[in-house]
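Q: Sequence:
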Amino acid sequence: MLYPKNPLAQTVIQLCKAKNIKHIVISPGSRNAPLTIGFTNDPFFTCYSIVDERCAGFFALGIAQQIESSVALVCTSGSALLNYYPAIAEAFYSDIPLVVLSADRPRYLIGIGDGQTINQKDVFANHILNSANLKLNYESGPKSTNEGEPAIIKSIENKLERILGVKQELDEENETKINTALNKSISLNGPVHINIPFEEPLYETTDKLEVKPKVIDIEVRKKKIDDFFIQECYDDWNSYSKKMILIGANPPNKIDQHILDELAKDNSVIVFTETTSNVHNKHFFNSIDKMIAPLTDEEFEQLQPDVLVTFGGLVVSKKIKGFLRKFQPKHHWHIDKKNANDTFFCLDKHIEATPNQFFNSLLPKLTHFVKSDYKPHWSDVKVARNEKHQEYLAEIPFSDFKVFDSVLKALPEQGILQLGNSSAVRYAQLFDLKKTIQVFCNRGTSGIDGSTSTAIGCAKASKKQTTLITGDLSFFYDSNALWNNFIPNNFRIILINNQGGGIFRILPGSKNSKKFETFFETTHNLDAKHLCKMFDFDYATATNERQLKAQLKTLYTESNQPKLLEIFTPRTLNDQVLLDYFKFIK
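Residue numbers (the UniProt record's numbering): 1 to 586.
Keep in mind that a hint or two might mislead.
[Said to hold, decoys possible] Taking CB as the label site, the calculated pair distances span:
#1 Lys-388 <-> Ile-118: 54 to 60 Å
#2 Thr-354 <-> Asp-235: 20 to 26 Å
#3 Asn-489 <-> Thr-522: 28 to 34 Å
[Said to hold, decoys possible] DSS-like mimics (lysine-lysine), calculated; alpha carbons at most 25 Å apart, straight line:
#4 Lys-583 <-> Lys-511
#5 Lys-553 <-> Lys-402
#6 Lys-586 <-> Lys-402
#7 Lys-167 <-> Lys-212
#8 Lys-222 <-> Lys-338
#9 Lys-222 <-> Lys-349
#10 Lys-282 <-> Lys-435
#11 Lys-338 <-> Lys-282
#12 Lys-583 <-> Lys-326
Think of the hints as simulated: they come from the structure by calculation, not from any bench.
Backbone N, C-alpha and C define an ideal beta-carbon position, used for all residues, glycine too.
Take the sequences, apply the hints, and build the full model.
A: Following this line, the structure appears as structure tokens:
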């Protein structure tokens, strides 16, 4: 096998291998050549070449999201590294394990005006679980003459001994740093950064593995929930007749079915689920905004819970956040092994466990359900809302709202839905999805910058039928995502083009001015036709309901290339249709 001659590169690669990090996303460069040579010549690794580092970061995130294991990113020195930042921030807030391996220049070449050089040390400081800044065993650059060194140290023998001692110390220090970073990414599910200085020459190879780095195992600490703590929760739970569970972004199949069944039986418990929660039960309340947007203050007071239990990632619905901040529960408990966000400014318990651990400890203690009409009352409201929802669909013109109803119904069973941010994920929240569809969205930072790249990484890793539903600004912003040789033929993009940032037309403020159209809505006349031709996507379009139905019939048929369906909707009508919806379902 061919190895890079550089021992530090060998050490990094062998430790990635020892930690079972198999997927390596590489962006081309020269300074990272030792890493590229090592990873691409070892059949243990699956390597991907993605030119644009921002796209590479989100592509890796999409893979890690699906395999639930760390994925490595490899880049050259300089500004290349900074282009990972949006994906790193998303991974940090979404608990997705990424390992950034950045090549750097030796320390003596930094800050002297050398090309492709920035201060890479701790560059992700505020959004990273660990930063490991490795050191070279030697540098061929200018050295101090150390004239004051004692004569004994100047002797050749003692100098050699000193050099070998320093080298061993540095090797051990580097190995410890690498192990620590990789272990944190794996055990805590998040991004880490390992910055690696390389001295030239960069392209030398050898057929001999010259390192045998020490592998430090991950410390596994099983923390049992204290019995006294569970008893305290049990006492509160049994004292109140209005409990609300709010589930944010959650990976599929992570909650034990018997827990969901037990919660569904309890009339004192309402379970609100978001589209991204991947939790389904006919007695739960999905489409949160549909439920609460039309409520009066008096009705909000009736809905106000005594106990709020939250788990999962960040919540999409601004309306539920506004409601619970104004009508705060007496108790808010958040279940998460790492963090507890005080989203509603009333958090009083951080339950450091998984939802399964907590509910499997709490539910067996419940010998009876508290008498309550909390869920039955709001279940009746839910039925009425769904009826009005169908009535509204029957009378509105072709618009974003009608398009989402059609495209969500057309999604294949057992598939994956990736949602763009802003309008796409918010519209999806208003509709019932098939239970077999797994839903993902970059809600850690809620940015529009990498939705397409993430979806492609997901499609490559999962092999399932994957569909991205995205808005036009998000799609064009991340158009370099299509510059990718790993897009499966069964990948589908549904691009809803309303010629600008339609979400801004729903927000308060004047909409009928040139400044609004230019600086907020950012209107445009772009379409995806030529991009699809350049990147070898099958392209189709629809501008009305009849065309849309016809295109959806063939969208998921087998193809020799990925497909994109671009749906054009009326820019100035969509916002009014959505605003009128919440009035109508009241």
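Q: Indicate, hint by hint, whether the structure satisfies it.
A: Quick rundown of the hints versus the structure:
no. : hint                            : result
1   : Lys-388 <-> Ile-118: 54 to 60 Å : 56 Å, holds
2   : Thr-354 <-> Asp-235: 20 to 26 Å : 22 Å, holds
3   : Asn-489 <-> Thr-522: 28 to 34 Å : 33 Å, holds
4   : Lys-583 <-> Lys-511             : 20 Å, holds
5   : Lys-553 <-> Lys-402             : 17 Å, holds
6   : Lys-586 <-> Lys-402             : 19 Å, holds
7   : Lys-167 <-> Lys-212             : 14 Å, holds
8   : Lys-222 <-> Lys-338             : 14 Å, holds
9   : Lys-222 <-> Lys-349             : 20 Å, holds
10  : Lys-282 <-> Lys-435             : 10 Å, holds
11  : Lys-338 <-> Lys-282             : 30 Å, violated
12  : Lys-583 <-> Lys-326             : 21 Å, holds
Hint 11 from the list above is the single one not met by this structure.
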